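Asker: For reference, the chains in residue letters:
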Amino acid sequence: MPDVAIAGFAKAPNVRETPGTTNGVEMLVPIFAEVFEKTGLSKQDIGFWCSGSSDYLAGRAFSFIAAVDAIGAFPPIHESHVEMDAAWALYEAWLKIRMGEVETALVYGFGKSSAGQLRRVLALQLDPYVVTPLWPDSVSIAGIQARLGLEAGLWSEKDLAEVAARGTGKDVGELLDAPYLADPLRRHDIAPVTDGAAVVILSTVERARDIVDHPAVISGIEHRVDSPVLGARDLTRSPSTEAAAKALDLDGADLAELHAPFTHQELILRAALGLGDGVEVNPSGGALAANPMFSAGLARIGEAAARIHRGESRKAVAHATSGPALQQNLVTVLEAR
Amino acid sequence: MDVTETPLAAPLNVGFDYTRSTGPVLGRFVNGLRERRIEGIRGSDGRVHVPPVEYDPVTAEQLGEFVPVGEEGTVVSWSWCPEPLDGQPLSRPFAWALVKLDGADTALLHAVDAGSPENIHSGQRVRVRWAEDTVGHIRDIAYFLPVDAADTAPTEAAPPVAEREEGAPVSVVITPVHLKYMHSASPEESRYLRGLAEGKLIGQRCPACEKVYIPPRGACPTDGVPTTEEVELPDTGIVTTFCIVNVPFLGQRLKPPYVAAYILLDGADIAFLHLVLGCDAQDVKMGMRVRASWKPRDEWWTSLENISHFEPTGEPDAAYESFAHHL
Ligand SMILES: [Zn+2]
Chain H
1 MPDVAIAGFA KAPNVRETPG TTNGVEMLVP IFAEVFEKTG LSKQDIGFWC SGSSDYLAGR
61 AFSFIAAVDA IGAFPPIHES HVEMDAAWAL YEAWLKIRMG EVETALVYGF GKSSAGQLRR
121 VLALQLDPYV VTPLWPDSVS IAGIQARLGL EAGLWSEKDL AEVAARGTGK DVGELLDAPY
181 LADPLRRHDI APVTDGAAVV ILSTVERARD IVDHPAVISG IEHRVDSPVL GARDLTRSPS
241 TEAAAKALDL DGADLAELHA PFTHQELILR AALGLGDGVE VNPSGGALAA NPMFSAGLAR
301 IGEAAARIHR GESRKAVAHA TSGPALQQNL VTVLEAR
Chain Z
1001 MDVTETPLAA PLNVGFDYTR STGPVLGRFV NGLRERRIEG IRGSDGRVHV PPVEYDPVTA
1061 EQLGEFVPVG EEGTVVSWSW CPEPLDGQPL SRPFAWALVK LDGADTALLH AVDAGSPENI
1121 HSGQRVRVRW AEDTVGHIRD IAYFLPVDAA DTAPTEAAPP VAEREEGAPV SVVITPVHLK
1181 YMHSASPEES RYLRGLAEGK LIGQRCPACE KVYIPPRGAC PTDGVPTTEE VELPDTGIVT
1241 TFCIVNVPFL GQRLKPPYVA AYILLDGADI AFLHLVLGCD AQDVKMGMRV RASWKPRDEW
1301 WTSLENISHF EPTGEPDAAY ESFAHHL
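Protein chains in written order, with the numbering used here: chain H, 1 to 337; chain Z, 1001 to 1327.
Worth flagging that the hints you see were computed from the coordinates, not collected in a lab. None of the values given here were measured: they were computed from a predicted structure. Careful: at least some of the hints might be erroneous.
In the SDA-like style, the derived pairs of lysine to any residue whose C-alpha atoms are separated by at most 25 Å in a straight line are [to be verified]: (1) K43(H) x T1059(Z); (2) K1100(Z) x K38(H); (3) K1180(Z) x D234(H); (4) K1285(Z) x V1245(Z); (5) K1100(Z) x P19(H); (6) K1100(Z) x K43(H); (7) K43(H) x P1207(Z); (8) K43(H) x L1193(Z); (9) K1211(Z) x L1193(Z); (10) K1295(Z) x H1326(Z); (11) K43(H) x K1180(Z); (12) K246(H) x T1059(Z); (13) K1211(Z) x A33(H); (14) K38(H) x I1270(Z); (15) K1211(Z) x D45(H); (16) K1100(Z) x S227(H); (17) K1100(Z) x R60(H); (18) K43(H) x K1295(Z); (19) K1211(Z) x Q327(H); (20) K1100(Z) x H78(H); (21) K43(H) x K1285(Z); (22) K1100(Z) x R237(H); (23) K1180(Z) x G167(H); (24) K1100(Z) x F62(H); (25) K1180(Z) x G153(H); (26) K1100(Z) x G100(H); (27) K38(H) x D1223(Z); (28) K1180(Z) x F62(H); (29) K1100(Z) x D45(H).
Reference excerpt, derived from the structure (chain H facing chain Z, CB under 8 Å, subset only) [said to hold, decoys possible]: (30) Q44; (31) V131; (32) W155; (33) P184; (34) R187.
We treat Cβ as the ideally placed atom computed from N, Cα and C, and that holds for glycine.
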C-alpha cells in the first residue's frame, strides 16, 4: 500500500463573522487558488475530493452541495462528504490513496458558525432521546467537565489560565481576575465563535516529493469514539485519545497541534497523548485562537504539516475532535522523511 | 460588479418536530416517567445506568434488566447557566448538573433550579421536580431542586406528544426543534435580487468560460471562479423542458393542472424553474417561445416572484438543436 503525505495546506482568514454564504464558496475559492498555486497542481490533478461541514450549522439540508461549485465540478469529479470536522474527510481521502484508487486528494472543511447560535446548534450532536430535548449548550457541558477536574485536583483555574496565556501572551493574574462567563469557565477558557475554512492536499509520498521539498508523511492515523452518554464516562480523561495514541508511535515528536476548544481539554489531551515538556504545543494558537467549525480539526493537521514543509519540525502530532466533551478523537502522526 | 454593497441577508427560522420511535429500552424509561417513576438498566458490570442505555457502553452487550431508582440524588458536577437559551428547562438562571440518582451508578444530565451559583455545590442533594402534566418524555422531569427547597414555581408546558390510543403506551417521542439563523445571499445573488426589485433580470458572465448564469453564481461550476461581468437579460426566452403538475400538495397556490418549466432566457446559458400559464397545459412544448408576465410594479421586491409567470409569445418554436446542449 502506498504511503501518504500532506503536500499542501491553506486556510481562510479566521474571522468572527463573514458577510458570505453558509455554503462557504466565498471562503473556499481563494484558498483553493492558494493551495493550487503553492503546490503547482490544478483541479485536473486531483483524484478525489472530500469535505467536512454541517447542515445544522448552515440551517439547510444538503448545504455542502452548493460548496462543490467552488471546486469547478464540471466535468464530473470523484467526491464525498462527512457531516463532521474535515479531519475525518482527510481520513477518508487517506484511505482512498492507501487503497491505490487515486494518487492525490483534496480535502476541505468549512463553516459559517456565526449564522446561527453555535452553542445551541451543537445541542443537535447529543443523544436525541434524553439529552437534546433539554438543549444543553456546548459551553455548559464543557463547564461540567472542567469542574470535575478542578474538584478532583487534576488542574486548577490557574492551570487553565496558563493555557490561555500561552496562546494570547496575556497575564495569568489578569485572566484570573476576569468574572466567570459560565462558572467555572471564564471567557479565556472558551474558544471564540469563528467562521472559516481550510484545505489540505494529500498524495502518495512519491508524488509529494515532486510537489514540496519536505513532504509531511503520515506515519500513522487513528480515530476512536467514547460513549455518547456523558454521565457514564470519566470526563476528566479521554480514553478514545489514549487508545488512539497507544496504537501510534509518538516517540520523538517535537510538535503537537491539539484541537481543544476549551482550556481544560488541552490538559486532558496532553495527558492522553503522553506529551512531554519537550513537545511544543499549538504554536498556531490552536482552537482557543480560532475555532472555525468543521475545519478547525483539519487545520490542526494542516498547521502541523506546514511546519514540516518549512523544515521547522521533524515529527508532529495533530489531533482533531468532534462531538461534546471530546467524544470523538482523531490523531495523526506526521514525519519529515 | 460593485463589491462595496453588502450582501442581502434575512432571518431564516427553521422548525420541525423531531419525531423518533423509542424501542423497548427508552420506551420503558419514558413510559415510567409518565407515571413519575424512574428506571435505570443494569450494565454487564453490574452498574445501573440512568438514563438507561440499550447496549453496554463497555462490552456492547444488549441490556434488558430494569432497576427502579430514587427521585432524589447527588450532584456530581455542575456549571452555571446565567443566560438560559431558547428551549432549555428553565428561563431563569440555573445550573446544569450531572445528577446521580439514588440507586444509580451513572449520572443524568439535567437542570437544577438553584437560584444562584452560591446555592449549588458538588455533593448537593437534589430531587426531581415533575412537570405538571407528564406525557412520556424526558421533559416530564421539569428540573431538579435542592432537596429542602420550596416547590412553588410553575413548570413550562409539556412537549407535544404523538397521537396514540387513550391509555396506550408511548412509543414515539417528539422534540420540537427551532433554530434561528441569519441567512446571507452571495454578492452575486444579491446583485441579481436587487435587480429584480427594479424589474431587471441581471445575470453574470464567468470570466473563464464566458457562460452567462442567471441567477449568477458564487463560483462557476466548470471553472470554480466567481462570475463577475454583469449582463442584463431580456424577459423573453424558451421552454427547454417542463412538466404538467396534476397532483395537489400542501401549500400549492395554483389549481392543477398547470405547467412548471425550465425557462432559458435569451442570452443565458442556464435555465431556471418558473410557471408557464396563459395557454392550455397540453399546448406547452419544448422550444416554445415565452415572455415574462410581471406583477404590478408596486408589488415588486427582491424576488423572482415579481414575475408571476411566463406565457407564450406566439412566435415559432426554437429548433431542438439550438437548445439541446442546455438540457
Ligand atoms: Zn466558467
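Asker: Run every hint past the structure and note whether it holds.
Answerer: Against the structure, the hints:
Under the criterion of a C-alpha separation no larger than 25 Å, the hint pairing K43(H) with T1059(Z) is inconsistent with the structure, at around 46 Å. The suggested pairing of K1100(Z) with K38(H) is violated, with an alpha-carbon distance near 55 Å, which exceeds 25 Å. With a C-alpha separation of about 34 Å, the suggested pair K1180(Z) and D234(H) falls outside the 25 Å cut-off, and the hint is violated. With a C-alpha separation of about 15 Å, the suggested pairing of K1285(Z) with V1245(Z) holds against the 25 Å cut-off.
At most 25 Å may separate the alpha-carbon atoms for a hinted pair to count; K1100(Z) and P19(H) exceed this at roughly 45 Å. This hinted pair does not check out: K1100(Z) and K43(H) have alpha carbons roughly 55 Å apart, beyond 25 Å. Of the supplied pair hints, the one linking K43(H) and P1207(Z) holds, its CA atoms being roughly 17 Å apart against a limit of 25 Å. The straight-line distance between the Cα atoms of K43(H) and L1193(Z) is roughly 31 Å, outside the 25 Å bound, and the hint therefore fails.
Distance hint between K1211(Z) and L1193(Z) is fulfilled; the C-alpha atoms sit about 20 Å from each other, no more than 25 Å. Proposed proximity of K1295(Z) and H1326(Z) is contradicted: the alpha carbons are some 28 Å apart, above 25 Å. For the hint linking K43(H) to K1180(Z), the alpha-carbon distance of about 36 Å lies beyond 25 Å, and the restraint is violated. At most 25 Å may separate the alpha-carbon atoms for a hinted pair to count; K246(H) and T1059(Z) meet this at roughly 20 Å.
Under the criterion of a C-alpha separation no larger than 25 Å, the hint pairing K1211(Z) with A33(H) is consistent with the structure, at around 20 Å. For the suggested pair K38(H) and I1270(Z), the alpha carbons sit about 33 Å apart, so the restraint of at most 25 Å is broken. Note on K1211(Z) and D45(H): the hinted pairing holds, with a Cα-Cα distance of about 24 Å set against a maximum of 25 Å. Annotation: proposed proximity of K1100(Z) to S227(H) holds, straight-line Cα distance about 17 Å (limit 25 Å).
The straight-line distance between the Cα atoms of K1100(Z) and R60(H) is roughly 38 Å, outside the 25 Å bound, and the hint therefore fails. Between the alpha carbons of K43(H) and K1295(Z) the distance comes to roughly 44 Å, so the proposed pair goes past 25 Å and is violated. Pair hint K1211(Z) plus Q327(H) does not hold up; C-alpha atoms about 47 Å apart against a cutoff of 25 Å. Only pairs whose Cα atoms come within 25 Å are accepted, and K1100(Z) paired with H78(H) is rejected, the gap being roughly 49 Å.
Simply put, K43(H) and K1285(Z) have alpha-carbon atoms about 39 Å apart, too far for the 25 Å limit, and the pair is violated. Proximity of K1100(Z) to R237(H) is assessed by CA-CA distance (about 19 Å); at most 25 Å being required, the pair is judged to hold. Annotation: proposed proximity of K1180(Z) to G167(H) is violated, straight-line Cα distance about 32 Å (limit 25 Å). This hinted pair does not check out: K1100(Z) and F62(H) have alpha carbons roughly 39 Å apart, beyond 25 Å.
Note on K1180(Z) and G153(H): the hinted pairing is violated, with a Cα-Cα distance of about 40 Å set against a maximum of 25 Å. Proximity of K1100(Z) to G100(H) is assessed by CA-CA distance (about 51 Å); at most 25 Å being required, the pair is judged violated. For the hint linking K38(H) to D1223(Z), the alpha-carbon distance of about 19 Å falls within 25 Å, and the restraint holds. Simply put, K1180(Z) and F62(H) have alpha-carbon atoms about 18 Å apart, close enough for the 25 Å limit, and the pair holds.
With a C-alpha separation of about 56 Å, the suggested pair K1100(Z) and D45(H) falls outside the 25 Å cut-off, and the hint is violated. Because the closest C-beta pair between Q44(H) and chain Z is about 12 Å apart, greater than 8 Å, the hint is violated. Against a cut-off of 8 Å between C-beta atoms, the interface hint on V131(H) holds, since the closest Cβ of chain Z lies about 6 Å away. Restraint check, W155(H) versus chain Z: the minimum CB separation of about 14 Å is more than 8 Å; hint violated.
Because the closest C-beta pair between P184(H) and chain Z is about 7 Å apart, less than 8 Å, the hint holds. Among the interface hints, the one on R187(H) is violated; its C-beta lies about 13 Å from the nearest C-beta in chain Z, farther than the 8 Å criterion.
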